[in-house]
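Asks: Fit chain S to the supplied structure of chain E, relying on the hints for placement.
Respectively, the protein sequence lines represent chains E and S.
Counted from 1, the first sequence has number 144 at position 144 by the numbering used here; the numbering is strictly sequential.
Counted from 1, the second sequence has number 76 at position 76 by the numbering used here; the numbering is strictly sequential.
The set of hints was computed from the structure by calculation and includes no laboratory data.
Every residue, glycine too, gets a C-beta built ideally from N, C-alpha and C.
Check before you lean on any hint, since a few could be wrong.
Stated by the list, open to error - Covered, in the sense of this in silico footprint (three residues per stretch, anywhere, with C-beta under 8 Å from a C-beta of chain S), are these stretches of chain E:
{"hint": "1", "stretch": "19-26"}
{"hint": "2", "stretch": "32-46"}
{"hint": "3", "stretch": "55-63"}
{"hint": "4", "stretch": "80-90"}
{"hint": "5", "stretch": "93-107"}
{"hint": "6", "stretch": "114-121"}
{"hint": "7", "stretch": "131-137"}
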Amino acid sequence: MTAMRVLIETLSAFAVPLLIALVLIHGYKKGVKVYEVFVEGAAEGIKTSVRILPYLTAILMAIGIFRSSGAMDILMIILKTPAGLLGIPAEIMPLVLIRPLSGSGALGVVSEIFATYGPDSFVGRAAGTMMGSTETIFYTIAVYFGAVGIRDTRHVLPSAFVADLAGVVASVVVCRLIFG
Amino acid sequence: MINTVWLFLIVTGIVVAAVRGTMGDVSAGIMTGVSSSVELFLGLMGIMALWTGVMRVAEKSGLVEALSRGIRPVLGLLFPDIPKNHPAMGAVVMNMAANMLGLGNAATPIGINAIKELQKLNPRPARATNAMCTFLVLNTSSVQIIPATVIGLRAAAGSINPTEIIGTAFLATTISTLAGIVAVKTLQRLY
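The following block holds chain S by itself, in its conformation from the complex:
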């Protein structure tokens, strides 16, 4: 999919430039784009290092696990099909906690572990269960509390107050997650 989109941007741009006679601008645009990626990367690197450092401490101190225990009762309501002490529940909870803390690199392996556990409860192995669908929608709707990467990008772009979007992003992500939950629970009867 991304291959098509990427190629579409390049080819359409060059075709439009040929028609409109803006090919000189396009040459300049390529150089600007490429060098700005390096500038961005330099700004991003510091912030990424900061957050992965802090989060590693949170992992080692057991904070991530403590948070897991906190959200377990809420997640029980969302996943009525998972038996209470099944390992799938633990993995789902850990994945959610890692997502909330923005530990993307940790969340994916834990999430894959969770879906493997969910698959053990699946009577029809090629077909997604309700629990799997709910789990996937939670993962695609972002439940991150601190969007560290965007903050880094804002800082790199010279924002006066890079963190001011934490509040708005939190509100927006809550709304999108709620909408996703309503959709997944409503639609599960139709499919």
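Just chain E, with the same shape it has in the complex:
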């Protein structure tokens, strides 16, 4: 497993710098004014993060209440057995529950997990992996089917849940194999 680990870590380390360089070089060759266009796009990113801020505030406030009151501990005790059967650490369960419901909510929960357990702990890595490998189910379905007025959504929801559950379990298993 160590060779696999080295490979994945090397790929991860190279991915970002290499991707930036390749995209910019390709753009430059195609005659894109890379600096101006980058700045233009970056401005868009700043707008997006400003848009996310109120959601983060709302969710972190709610989680702050839920956690500091001790309600979170009670919930984790309740969920420990079913989560354990699937090999999921109880600390990640809040993320597993909120991820399909709300993207911004999940952002809040995952940052809470990073703050509490550390982003480089097993729980932090698994939560980050899960966040990067699953999506908001209900919102996506509502937006797309809402756009064309589909009422009979057939097998979409069960299929999306299968994918979500597979992503959750795979995140934990993959992190356990790679990071130990």
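Replies: For chain S alone, kept in the frame of chain E given last:
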């Protein structure tokens, strides 16, 4: 749905605090939660700016479109009901490419365009077609190559190596997408 969950967290927390006598901790918890959201936002802003900047260059240079051409043959296998040169196929491909590159803001409008094209092929307008279901499941199962937002959050939380989850997330997302495809193709006969 999110309204219920949000209110549930707040009300349950306050009720539990009243029973257990931890209301003082809850007051402190509110303040910590609110101020940490601003700290997070500051860490997130730089990373978001970086990636949207890079991706804008990729869009302008035609890289996104080139990638679209690359994944078109694969997507043809997943959507046998869409005629080969129908505009729906083009829109589905563009949406997938935008999702892979993490262009969430671009992916949604393109995706809505795609589902409108798919609706033109739908004989029963209020009922989802197989192609629509497959398209939706692909969109809900995340096919992102670089999860920029999480990397930003990890960096903001002081991770030594924020990008180390790219590899694991890619493996996990591949597994979840495959599971979603198997599920959607199996279940389509039953519904």
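Asks: Which of the stated hints cannot be reconciled with the structure, identified by number in ascending sequence?
Replies: The structure breaks only hint 4.
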